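In the order they appear, the protein sequences are chains F and V.
Just so we're aligned, residue 1 is where the first sequence starts under the working numbering, counting upward by one.
Just so we're aligned, residue 1 is where the second sequence starts under the working numbering, counting upward by one.
Some hints could be false.
Stretch-level coverage of chain F by chain V, calculated; a stretch enters the list once three of its residues show a Cβ under 8 Å from a Cβ in chain V [to be verified]:
| hint | segment |
| --- | --- |
| 1 | 9 to 16 |
| 2 | 26 to 37 |
| 3 | 64 to 72 |
| 4 | 236 to 243 |
| 5 | 272 to 279 |
Label-pair ranges, simulated between beta-carbon atoms [what the hints assert, rightly or not]:
| hint | chain 1 | residue 1 | chain 2 | residue 2 | range |
| --- | --- | --- | --- | --- | --- |
| 6 | F | GLU320 | V | ARG153 | 51 to 61 Å |
| 7 | V | GLY22 | F | SER106 | 15 to 25 Å |
| 8 | F | HIS153 | V | THR112 | 34 to 44 Å |
Hints are computed from structural coordinates only; laboratory data are not their basis.
Computed from a predicted model, the values in this text were never measured in an experiment.
Ideal Cβ placement from N, Cα and C applies to all residues, glycine included.
What follows is each chain in one-letter form.
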Amino acid sequence: MTPYVLKVEDLSVTFALHHSEVRAVREMNFNLRAGETLAVVGESGSGKSQAFLSIMGLLSRNGRATGRAMMGETNLLGLEPARLDKIRGKDIAMIFQDPMTSLNPSLKIRTQLSEVLVKHRGFERDKADRTSVEMLERVGIPEPAKRANAYPHELSGGMRQRVMIAMALLCQPKILIADEPTTALDVTVQAQMLELFKTLTDDFGTSLVLITHDLGVVAGIADRMMVMYAGRAVEKGTVDELFYDPRHPYTLGLLTSTPHVEERARRLNPITGSPPNIEHLPSGCSFHPRCAFRFEQCFAQRPELREVAPGREKACHFEEKLAFEENAA
Amino acid sequence: MSGQGELMRIDNLSKSFALRTGLFSRPLELKALQDISFSIQRGETLGIVGESGCGKSTLGRCILQLLKPDEGRVLWLGTDLAALPDEEMRQRRKDLQIIFQDPQASLNPRMTVGEIVADPLRTLMPELSAAQRQIRVQEIMEAVGLQPEMVNRYPHEFSGGQAQRIGIARALITEPKLIVCDEPVSALDVSIQAQILNLLSELKDQFGLTLIFISHNLSVVRHVSDRILVLYLGRMVELSTGDQLYEDAKHPYTKALLTAVPIPDPRRARLRNIDALSGEIPSPINPPSGCTFRTRCRYAKPICAEVRPPLETLADGRLVACHRWAEIDNLPGMESAVAVQASP
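For reference, chain V alone in the conformation it holds in the complex:
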């Protein structure tokens, strides 16, 4: 983290979707995100983790104003993005880009690679001439490790890893400040995944980017992130630095999530006492009262069903939403999940 101040601030953001269940029935409300507040520092990589349905992709899309939040604000250097007139928002889009999960599906099969990569320039920077565009396309393709001669080829001619490089080139071409990476390596083979992760970290340094890295894979998030936000059923559960989180998670859900991550090391894996979380994620249409995690939490007490735990700021700066985190922390035998793995 280069710590040059706040780039973006998310303020009490909430987003619901209406689900139509039948022609005459009232639509159900799916609360995808509730009361999300955090800031993003310039130059950092913020990881967002959680299981399916936790709202991580919705959050990424709300941040980019691809979805309009129901409540709350997304402040970009102090300016509320939702309040910007269309033309100004268009100017901002140069600064805000996204990389998607499925590299093939996110590229138009009828456009050449050159057209795909140049497309954001055409819409967001129409002042550039065709020649200028071409030069930038060449430069950016080289930066992401694609041969510039490939500009006239079509997406289907590329493997998954190369297609993702094209997606990254398209995101980078407007020289954005912030890129939301939504599961950028989940569809890739292991060997290719590592190439793309390394590429992203190189590009981040080279272009001075700030990244929001959304993934269900905690090992990947750990690898890339400075700070990590854990979501559960649309709410913030814990936000802390990567080291704090992996060495000493405070929220019972974070702890459980960490012990569930498979470790590619047989001896440690055998030593580990997997204490799998029971049950599955409840429906976001009808989330549990109070703490949404209580139905799967072994430490749940009556208060957890009655009162929703507030997001507390701890002395070391991290945020935790749990009534009992301090008590649980002091329980004997509750060393963090990773302490067990660290022993030989």
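So here's chain F without its partners, still in its complex pose:
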């Protein structure tokens, strides 16, 4: 079995508000293997972004992370800034939905890329420039030498996202975290981007964490998948296991809510209600108010995440097979 590049244990993220605290992520555990693509799926407010921002040390000032995120012998959580700076951008990199806000608008692309190599790998300026242009070519930017001299606003959204990917890959990180990287892009550009991710993870052996709400994107690219709801992981397994044999009612609901392009189903089977306010979570299982399979236990007792088959975990009291609509099969 391939080794783990990241082991996350008991990760919780809390935000201090004026008179209260909000727990955005609760007791999350997962491992990331070398070279695999892990999809983290959930709706807004599920904690999927905050979990990984905390691992990157990028929480807003009122946020606090507890637990462990081990890269080898190093716990990324609570690492002093100087040491974190050495790792971040080099061994672990993150890209975001909106590339415009992640790039410095007043610096040329070339400058922003080279800086990474000068800082992390001690390259001379010339060599850093050359390597940067090569990387721009790798990520499919036409006329890379010319584009390197452009400012971010001179590039299209798809090109900017490519620049972000190029920047993230400059140091050949072990882990790339991509937070909704294609959500802002048109569908043809999204397809280009997903192909690029596949090629690059194969070529560099990078482990990819793909944070998304789009099950279509997940199906095409991920190996394993973790579904989050109200700050907790509720189901984990391979992509095939979760798509064809979901064990958690929320996973099932996401699947039956998603329209497929190749079929005109008469009705979707949505999940009723809306995601809970994380400041006031329901008792017992957070999902119970929206769950079609709930019974008394679900109101009173929170189900722990436990292994139900080798490599598969779920947090649900319901033991029988979920009645599965034909939509996703």
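Position chain V against the provided structure of chain F, taking the given hints into account.
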């Protein structure tokens, strides 16, 4: 499609915007829509798809006369809407409503839900008394799945899905015949999106509505539409029924668009050979000559740069604008995008 005849006809519609680039420079012309012609049948759902900048929202706004087309006409049951005197156009507005993408941004934060939903009645049907208005608000709120007791609450107290229900109630209250839905579910979470899509289809049946459904999401459009219009850089590329389009698209752009749609099914997704369209959409300020798609089209030939392909009507009634669609159709290995997905 209930097929009770034509409700609306769009005739050679074009719309440009002037872009000011500097104080002394000549404004640039952005051609948002060019030569758009199609009809909308009573009771159908017409989907309009395309990528950003293709003109789909502009088209929706031109249809409702929220934007004035530069050329061409929008005929409502044979009457040119632009030629109507203001007072008559106001009467027509009862029949023509719109639902917007961002449900929170499209609701006035200082008005209560009851006021928001009743607002179109106040302006378009002033003859109704306050009591009559109140009754209709109650009825319509129930129809969209909101509790009538919520009338005195403010928009910020609602989640995105509920806010969109308020927007739908506001559109429905004048008992319109046609509603333009402009990306109505794009800002919503997946589970909520499905609720709203189901609601729209129920309301369509219940109120006998005709819908124009604008979206960049082809899976969603496929789910709701009877016929689908594909736009690229402000021009019509293909118009056909949903089944025709998804099973056997004719235009190379439509084919490419379909293969790019992510399929939420891992086995099929793996089988699929994604042949991503290269490049990006050119600027609508300076669109390519001839066929606007030719810069990204693998089948482009010299003629495509010289002559703009006319919109042809095929034997099965669909419309296609491509010089080479028939040739491409006969190329070996050019089964439609979905044929590959259909194999197990």
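Item to complete: Three residues minimum, CB to CB under 8 Å: does the segment 9 to 16 of chain F make the cut for coverage by chain V? Let me know.
Response: Our answer is that it is violated, as 0 residues pass the Cβ test (under 8 Å) against chain V, missing three.
Item to complete: Confirm or reject the coverage of the segment 26 to 37 of chain F by chain V under the rule of 3 or more residues with a beta carbon closer than 8 Å to the chain's beta carbons.
Response: With 0 residues in contact (Cβ-Cβ under 8 Å with chain V), the coverage given for the segment 26 to 37 of chain F is violated.
Worksheet item: Holds or violated: the segment 64 to 72 of chain F covered by chain V, criterion of 3 or more residues with Cβ-Cβ distance under 8 Å?
Response: Violated, because only 0 residues of the segment 64 to 72 of chain F bring their Cβ atoms closer than 8 Å to Cβ atoms of chain V.
Fill in: Range agreement (Cβ of THR112 of chain V with Cβ of HIS153 of chain F, hint 34 to 44 Å)
Hint holds: Cβ distance 41 Å, inside 34 to 44 Å.
Worksheet item: So does GLU320 of chain F sit 51 to 61 Å from ARG153 of chain V, Cβ to Cβ?
Response: violated (40 Å)
Worksheet item: Checking C-beta pairs, does the segment 272 to 279 of chain F have three or more residues closer than 8 Å to chain V?
Response: holds (count 3)
Discussion item. Closer than 8 Å Cβ to Cβ for three or more residues is the test here. Does the segment 236 to 243 of chain F pass it with chain V?
Written reply: holds (count 3)
Worksheet item: Does the hinted range 15 to 25 Å hold for GLY22 of chain V and SER106 of chain F at CB?
Response: With a Cβ separation near 21 Å, GLY22 of chain V and SER106 of chain F satisfy 15 to 25 Å, so the hint holds.
Against the hints set out earlier in the document, violations occur for numbers 1, 2, 3, 6.
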